[in-house]
Amino acid sequence: MLPEAVPHRASAALAHQFDTAGQQKEAATLGMWVFLVTEILFFGGLFATYLVYRNWYPEAFTTGSREMLVWAGTTNTFVLITSSLTMALAVHAAQLGQRRLLMFFLVVTMALGCVFLGIKGFEYYTEYLEHHVPGFGLPFHAEQSQHEQIFFSLYFMMTGIHALHMIIGLGIMSTMLWWSYRGIITTEYTNPIEVSGLYWHFVDIVWIFLFPLLYLIGRHVHG
Amino acid sequence: MSSTVLLPPRHYLNDGYGIRSWLLTRDHKRIALLYLAAITFFFFVGGAFAVVIRLELVTPVGDLVSDETYNKLFTMHGVMMVFFFLIPSIPATLGNFLVPLMVGAKDLAFPKLNLLSWYIYVLGGCFTLYALIAGGVDTGWTFYTPFSTVSSTTNVIPTAFGIFITGFSSILTGLNFIVTIHRMRTPGLTWFRMPLFLWSLYATSMIFVLGTPVLAITMLLIAAERLFHFGFFDPRLGGDPVLFQHLFWFYSHPAVYIMVLPAMGVVSEIVPAYCRKRVFGYPFVAFASVAIAVLGFLVWGHHLFVAGESPYSAMIFSALSFMVAIPSAVKVFNWTATMYKGSISWDTPMLYAIGFIGLFTIGGLTGLFVATLPIDVHVTDTYFVIAHFHYIMVGGAIMGYMGGLHYWWPKISGRLYNEFLAKISAAIIFLGFNLTFFPQFVLGYLGMPRRYHAYPPEFQVLNVLSSAGASILGVGYLIPLCYLLWSLRYGRIAGPNPIGAVGLEWMTTSPPPTENFPETPIVTWEAYQYDAPQEHHVA
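Protein chains in written order, with the numbering used here: chain G, -11 to 211; chain A, 160 to 698.
The following block holds chain G by itself, in its conformation from the complex (with noise of 0.2 Å):
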């Protein structure tokens, strides 16, 4: 016979593999954060990428770095930045049970989103009129034609990739505003807001990086 036994047990929001509900919180975060690992490694390649071209070709990625709408860039790094900030709120709004004040901020946070979409959205646009995008069989002009094809395809590749997890992440954040309008979600309960929120801060983090690679870095070089 076993010599002693620990009670099952549970609350409503307690999956039942769990026996505590700090277990079942260490355990979403831990999820979470060995999810962000693989993401890490996923844009990783991205990145190992850009190191090799912009190492053998640097005139041609300084070029394409000027070409960027660096207004553009930098109002979607506030727009997010400030996003993160009121993900941050929304988490502590749920911590506290403010349940109005959290799905204000979700709203918030995804709105913030849609803004950073849409000016991504025009800058693509723009890339379009002006004959940078690469592939589709459209035609693409650059002064260095070549090498900045390989420049502006790591910039559609990366944002673009970036920009899908932002639309994942509006459709966690979704999620996230219905479950707090059924009231799922308590102050006993708060798991899926952190940890959407994790996903959220990454993505921006992400983005953190993006930016002075593919804009910055580079402009100011021969005047």
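No wet-lab data here; the hints were simulated from the structure. Do not rely on the hints blindly, as some may be mistaken.
As the list claims (entries may be wrong) - Some but not every residue of chain A turned toward chain G, in silico, with C-beta under 10 Å:
{"#": "1", "residue": "265"}
{"#": "2", "residue": "269"}
{"#": "3", "residue": "335"}
The beta carbon of each residue, even a glycine, is placed where N, CA and C say it ideally should be.
Use these hints to put chain A onto chain G, whose structure you have.
Same frame as chain G, now just chain A:
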């Protein structure tokens, strides 16, 4: 044990019937069986390609299939076996079944993600099967650029997407195992009381989590390159085809350890159970798993020795590759030391475990040959390399998988398989395997290149031997399929612990109830206490 043992009245297999109770299950044990069915399917599909390959190679002239078909055959064999059988094999089936049992939990940390991972796997499999039906793919499982991005006219994109999608099932499995092992261990189950199988799955999960995303982005880059002609890997636009090889092998070399580490974990369970001894040097075996996972990420460059890598990188990658031999040898020596003066029973799982140790040693030592620069230049792209990695993947990983499947089959099904047939087929597999692949070492050393459907006539004898071995090996794999399925209905009832093994999974009924344990167990003993009198059993 009396012959009147009965199955427990309530267990995970009779907890709900019908297709819905399986396809919507969140029980890790049922998901393990879903995976078992799916990977068995892909194993036999991949095996069928191997059969045609070996049939073609019976004669020196390419007469059975065209050269283009042959290219597709070995590509689909590699893709099916690597991504859809070997990588999920032990983790997704035995791991899924056993991790919660071994940590004394009711389920994995994220049961829904676990079920999702199976659906993702099936979806990826569908993409790849579509590519197969639509005419196949001919790039080799390595998708080397620029052939895969510029030249090949076959279904590269659906295959790449299939692999991309399936990667997420690996990531979710690894994530689930890491969180479960960290957060769900039952009271008293410290890290160094855990079964070594968990250590090896933990190390495997590290690779799942760190390596698979890089493969995912690489496959996306291949697809983007093919669709939009971006130029990342196209020298005409200033891209570098070798960069693809770096990205690909950053995942695909560690992937070899995804295949073999879980098998090592299985052997670490079987050897003490059938030798009635504690594992010799537990912490060394545990840390060796982690060391292999970590070192595995630092050796990818040894696949690029002939790809124009600088001699200095090549030397460093060569030296790092040699270092992998150290933790691998630690494991082999420790298993051997465990067997020393043990009371060994020669049951089927032990036969597989011993087969594993021998074949893995050959595979590992020939790995040192190919990690040596001058020898690698000589044998690159020859059958020597083919033989080397099949000794690891088939002789190692599949031997471990078969051993584990037999060892835990009574726990999974509640019934015993036919021991006589099982021993016979283990012997057939061992003989068939060696007859298939040992001649390939010789062929490769003599200079027969891989991936050709014709060869000079002087290589025929060895090729016929290899093909004969493959037919024996094929029979060896079909027999277990028959008697294991037979045992599901007609096998003798096993009882909770038919071989008297220790470990939490043996302390519950066979098959276990859906919640695994009637009460949360508390562990007050060290792992593998085969030398101490057994007191801790659940009725």
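Now for the hints, and whether the structure bears them out:
Because the beta carbon of residue 265 of chain A sits about 5 Å from the nearest beta carbon in chain G, less than 10 Å, this interface hint is met. A cut of 10 Å between beta carbons decides the hint on residue 269 of chain A: the least distance to chain G is about 6 Å, and the hint holds. The interface hint given for residue 335 of chain A is met, as the beta carbon of that residue sits about 8 Å from the closest beta carbon of chain G, less than 10 Å.
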